[in-house]
Amino acid sequence: MDQLVVNAVTRTETGKRVAKKLRENGRLPAVMYNSKGEAVMLDIDEVEFTKVWKSATPTTLVNLKLDGKSDNLVFIKDTEYDIKTDRNLHADFHAIDEKKALKVTMKVLLSGNPAGVREGGFLTTHQSQITIQCLPKNLPIRVTADISGLGVGQVFRVKDLGLAKEITVLSDPEAALASVSAPRT
Numbered sequence: 001m002d003q004l005v006v007n008a009v010t011r012t013e014t015g016k017r018v019a020k021k022l023r024e025n026g027r028l029p030a031v032m033y034n035s036k037g038e039a040v041m042l043d044i045d046e047v048e049f050t051k052v053w054k055s056a057t058p059t060t061l062v063n064l065k066l067d068g069k070s071d072n073l074v075f076i077k078d079t080e081y082d083i084k085t086d087r088n089l090h091a092d093f094h095a096i097d098e099k100k101a102l103k104v105t106m107k108v109l110l111s112g113n114p115a116g117v118r119e120g121g122f123l124t125t126h127q128s129q130i131t132i133q134c135l136p137k138n139l140p141i142r143v144t145a146d147i148s149g150l151g152v153g154q155v156f157r158v159k160d161l162g163l164a165k166e167i168t169v170l171s172d173p174e175a176a177l178a179s180v181s182a183p184r185t
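The opening position of the sequence shown corresponds to residue 1 in the UniProt record's numbering, with each subsequent residue numbered one higher.
The hints are simulated quantities; they were obtained by calculation from the structure and are not laboratory data. Don't take each hint at face value.
Said to hold, decoys possible - Pairwise CB distance ranges (calculated):
(1) 47 x 115: 42 to 52 angstroms
(2) 129 x 41: 27 to 37 angstroms
(3) 176 x 39: 37 to 47 angstroms
(4) 78 x 21: 15 to 25 angstroms
(5) 71 x 118: 44 to 54 angstroms
(6) 173 x 10: 41 to 51 angstroms
(7) 124 x 80: 31 to 41 angstroms
(8) 162 x 120: 22 to 32 angstroms
(9) 118 x 97: 43 to 53 angstroms
(10) 21 x 101: 36 to 46 angstroms
(11) 120 x 33: 51 to 61 angstroms
Each residue gets a CB set at the ideal place from its N, CA and C atoms; glycine is no exception.
Start from the sequences, fold in the hints, and give me the full structure.
Spelled out as structure tokens, the structure:
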């Protein structure tokens, strides 16, 4: 997947009137927070942001180009969304340090039809997410567990995920993600 990009312009004016005027012009008020908690007020294109927002997950890194020059790796931290008008009203970004390891909780997607289920067993999901730590450049887009080879009586554990060596799993490696139990007789 290509890097998602949002172009932003810094702004100095604040308030409801300013935000309303931005929205009327197809712009979106936003704020980028850095690791020190300092905030930079932004003005971004609403259509461009909405495309990125719809394809991003909570752990997707976005390249925020500030004033056409500097690149900032950010997470979309929060959005204010109006369901009546189907429009974003505001966005918050959290900038990260590319050289500092991130601690992230990610959902684990189960893929495949377990062999044990095809034999009449029942699939049980136990834990749906794990916590990992890695540099931003090594952050996976998603964590997938291929459970197609899981037979009756077998358990797929966190340690069976086979993540890249650059990723440290902080969750219990023995924790069960999925299992197939025998059918009742």
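Practice task
Against the structure, test the hints numbered earlier, and report the numbers of the ones violated in rising order.
Solution key: none
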